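Enquirer: What follows is each chain in one-letter form.
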Amino acid sequence: GDSVTQMEGPVTLSEEAFLTINCTYTATGYPSLFWYVQYPGEGLQLLLKATKADDKGSNKGFEATYRKETTSFHLEKGSVQVSDSAVYFCALSDQSGGGADGLTFGKGTHLIIQP
Amino acid sequence: DAGITQSPRHKVTETGTPVTLRCHQTENHRYMYWYRQDPGHGLRLIHYSYGVKDTDKGEVSDGYSVSRSKTEDFLLTLESATSSQTSVYFCAISGQGQGTGELFFGEGSRLTVL
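As they're listed, the protein sequences go chains A and B. Counting from 1, one number per residue, gives the positions in the first sequence under the working numbering. Counting from 1001, one number per residue, gives the positions in the second sequence under the working numbering.
Think of the hints as simulated: they come from the structure by calculation, not from any bench. Fair warning: this is a prediction, and the values are worked out from it, not measured in the lab. Where hints are given, some of them may not hold.
To be verified - Simulated crosslink set (SDA-like; lysine to any residue; CA at most 20 Å straight-line): (1) B:1057 - A:76; (2) B:1011 - A:101; (3) A:60 - B:1085; (4) A:107 - B:1051; (5) B:1011 - B:1024; (6) A:68 - A:83; (7) A:60 - A:29; (8) B:1053 - B:1075; (9) B:1057 - A:60; (10) A:56 - A:76; (11) A:107 - B:1079; (12) A:68 - A:16; (13) B:1053 - A:101; (14) A:107 - B:1085; (15) A:107 - B:1059.
Just chain A, same shape as in the assembly:
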């Protein structure tokens, strides 16, 4: 079945540091890929997405590129801020079955940014 693997953390960085959170996936079809962010006490919010190979999703300074050859969708940001502290989830939607059965999520990466 489909699966998503990501580093769980916590990942602790200083403000203005470069961020990479690795995400790799296994899917039988041609998935769409997502990064969601969860701030404390809140639900998940879509951060960015990519629907086909070599697509780059970007939002709020975060980027991720859909790499089919390495089955990866790593999240990057050039200069993190304290406000980026949150839990980040990588997810996929396998559209081969119509996509009705929701997303498959990684276990989440807790990111802590120190001033």
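With the hints as your guide, set chain B onto chain A.
Expert: Same frame as chain A, now just chain B:
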């Protein structure tokens, strides 16, 4: 923000009691989902619905049932709650209109089973 309301937001109950969580949407989306979130497990799909009275099981459906009698409401029921069902439950919706499978989430319902 997507119009998704979960209730109750917090509940404490005792083992063996029935519990129903409600998800209400104002987006008229076809697809609705219930996930649970636990440390070390991320989000796992419990049940989902692809239309009124059309539901199916997810990865962790044992001990849960769902019902969808109206497009806007999706109910999750624990017939006899157990301590292993202590978790944060999230409802999500999807219109599937863009074909990408993107989900929109509610704010969660924290359930504690003593």
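Enquirer: Work down the list of hints and note, for each, if the structure agrees.
Expert: How the hints compare with the structure:
no.	hint	verdict
1	B:1057 - A:76	violated (35 Å)
2	B:1011 - A:101	violated (27 Å)
3	A:60 - B:1085	violated (35 Å)
4	A:107 - B:1051	violated (28 Å)
5	B:1011 - B:1024	holds (17 Å)
6	A:68 - A:83	violated (31 Å)
7	A:60 - A:29	violated (29 Å)
8	B:1053 - B:1075	holds (11 Å)
9	B:1057 - A:60	violated (35 Å)
10	A:56 - A:76	holds (11 Å)
11	A:107 - B:1079	violated (27 Å)
12	A:68 - A:16	violated (30 Å)
13	B:1053 - A:101	holds (16 Å)
14	A:107 - B:1085	holds (18 Å)
15	A:107 - B:1059	holds (14 Å)
Violated hints, listed in ascending order, are 1, 2, 3, 4, 6, 7, 9, 11, 12; each of the other numbered hints is respected by the structure.
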